[in-house]
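Novice: Okay, here's what each chain looks like letter by letter:
2 protein chains.
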Amino acid sequence: MTKKLPNNELERIANTTMADVVEIRLREYLKTSAFKPGDALPKEIELANSLGVSRNVVREALSRLRMLGMVETKKKRGMVLARPDILGSFERVLDPAIIDEHTLRDLFELRLTLEVGLADLLYLRKTAKDIAELEQIAKSQKVTGDKQTFRIQHEIAFHGKLYQMTGNDTMSRFQSMLLPVFGYLVTLEKKPIIGKVSHLDLVKILKEGTKEEFRQGMLQHLEHHFKKIQ
Amino acid sequence: MTKKLPNNELERIANTTMADVVEIRLREYLKTSAFKPGDALPKEIELANSLGVSRNVVREALSRLRMLGMVETKKKRGMVLARPDILGSFERVLDPAIIDEHTLRDLFELRLTLEVGLADLLYLRKTAKDIAELEQIAKSQKVTGDKQTFRIQHEIAFHGKLYQMTGNDTMSRFQSMLLPVFGYLVTLEKKPIIGKVSHLDLVKILKEGTKEEFRQGMLQHLEHHFKKIQ
Numbered sequence: 757m758t759k760k761l762p763n764n765e766l767e768r769i770a771n772t773t774m775a776d777v778v779e780i781r782l783r784e785y786l787k788t789s790a791f792k793p794g795d796a797l798p799k800e801i802e803l804a805n806s807l808g809v810s811r812n813v814v815r816e817a818l819s820r821l822r823m824l825g826m827v828e829t830k831k832k833r834g835m836v837l838a839r840p841d842i843l844g845s846f847e848r849v850l851d852p853a854i855i856d857e858h859t860l861r862d863l864f865e866l867r868l869t870l871e872v873g874l875a876d877l878l879y880l881r882k883t884a885k886d887i888a889e890l891e892q893i894a895k896s897q898k899v900t901g902d903k904q905t906f907r908i909q910h911e912i913a914f915h916g917k918l919y920q921m922t923g924n925d926t927m928s929r930f931q932s933m934l935l936p937v938f939g940y941l942v943t944l945e946k947k948p949i950i951g952k953v954s955h956l957d958l959v960k961i962l963k964e965g966t967k968e969e970f971r972q973g974m975l976q977h978l979e980h981h982f983k984k985i986q
Numbered sequence: 757m758t759k760k761l762p763n764n765e766l767e768r769i770a771n772t773t774m775a776d777v778v779e780i781r782l783r784e785y786l787k788t789s790a791f792k793p794g795d796a797l798p799k800e801i802e803l804a805n806s807l808g809v810s811r812n813v814v815r816e817a818l819s820r821l822r823m824l825g826m827v828e829t830k831k832k833r834g835m836v837l838a839r840p841d842i843l844g845s846f847e848r849v850l851d852p853a854i855i856d857e858h859t860l861r862d863l864f865e866l867r868l869t870l871e872v873g874l875a876d877l878l879y880l881r882k883t884a885k886d887i888a889e890l891e892q893i894a895k896s897q898k899v900t901g902d903k904q905t906f907r908i909q910h911e912i913a914f915h916g917k918l919y920q921m922t923g924n925d926t927m928s929r930f931q932s933m934l935l936p937v938f939g940y941l942v943t944l945e946k947k948p949i950i951g952k953v954s955h956l957d958l959v960k961i962l963k964e965g966t967k968e969e970f971r972q973g974m975l976q977h978l979e980h981h982f983k984k985i986q
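Read top to bottom, the protein sequences are chains A and B.
Numbered according to this note's numbering, the first sequence spans residues 757 to 986.
Numbered according to this note's numbering, the second sequence spans residues 757 to 986.
It cannot be assumed that every hint is accurate.
Unchecked claim - Covered by chain A, per the in silico footprint, the following chain B stretches (three or more residues, Cβ under 8 Å):
1. 794-802
2. 865-871
3. 886-897
4. 910-919
5. 956-966
Stated by the list, open to error - With a cut-off of at most 20 Å between alpha-carbon atoms, the simulated EDC-like pairs for lysine to aspartate or glutamate come out as follows:
6. B:Lys952 with B:Glu968
7. A:Lys792 with B:Asp851
8. A:Lys787 with B:Glu968
In case anyone wonders, no lab produced these hints; they're calculated from the structure.
Values in this document were obtained by computation on a predicted structure and should not be read as measured data.
Heads up, the beta-carbon is just placed ideally off N, CA and C, and yes, glycines get one too.
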């Protein structure tokens, strides 16, 4: 990565617009002046004057911060600093059609890593109700068989429920954002690969087994994916 | 989460600007028309005409896509679809000062989950050279003791190196983005908590032990963090 940097850096400067510069300056300003959520920003015209740029450029930069959820407009108070939706813009760019192969593979591995690490949170927070729901999902899979569309839907439903059971909203949302990436990768597989440990087996472990048994079960369930990345 | 949605949604509509609408339309258009990286976008004026909005609004929306890395300007070709930097805008908003407590806790758990899941990739890709470097980092820690600033720096160096050893650039960058969050959380601790398994112990396992021994070692190393989230 370090070796590629000089070139990228040179190109980036050539392509930098005034809005890029103002956006960076504004973020630095908000940070160094210790703005807190709810604090009102200076007026557009004041920002333009002190930066020595046009109002249009300031508006463009503020529009970006608005998209990131860092600022919002309040009645009577104007622009204020907001609590950003940290995954919002990540969601915007997570389109498998425009992400390069290398990054897709990285994201695939990231998901496998999370999935193996999930046991600890699951065993802290799982409830009988959640397990019953998970079991329903796993059972319905057996009925519909292995047609590809159903298979992907079931994968999504089952693993999505597991993440939800961790009680971690951010992680749960993060994984649901990664789904298009995995849907995309699964469609590249010629035929369904069924792991040694099925979804129903995993439910059984969650009910009766230990955290470590669940982790080992998950590793076996994902075994064919791990083989792919070797 | 679902219960809160109606309110948020209502507020969001009230606060929607033309740039928000045009941004969404443009992203949908690029997606449904199956634009690929390198494909040229219609001219600003054409987009403005077909959407029936001013050029300023189109420019504002394009500026956002540009910030996300979804479009870039090429000499002679104008705006083209680009491969976005998927973590770029995530990085922009990851400031512990403006993230709410709930999300900070979620991110903390997300990192713990990754750390426990890391063993598989580590054992696929670790090299003798990497382990030697990791050992150097762990040893230097012993010398400087437990002063808080040093301690945080060492935590960062050691765990950062572990992520780098996975060969997964995205995950490695993701964890380095999360660091300000953990730096922030660690400063809230009154005194350093040393786990049963030290960094040097983890290095020893990486050298001589199995993947599962490493995972158990990591779990013990992180034990006091897991206790916190119970």
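Novice: Each hint: holds or not?
Specialist: Consistency of the hints with the structure:
no. : hint                   : result
1   : 794-802                : violated (count 0)
2   : 865-871                : holds (count 6)
3   : 886-897                : violated (count 0)
4   : 910-919                : violated (count 0)
5   : 956-966                : violated (count 0)
6   : B:Lys952 with B:Glu968 : holds, 17 Å
7   : A:Lys792 with B:Asp851 : holds, 11 Å
8   : A:Lys787 with B:Glu968 : violated, 42 Å
In this structure, the earlier hints numbered 1, 3, 4, 5 and 8 are contradicted, and the remaining ones agree with it.
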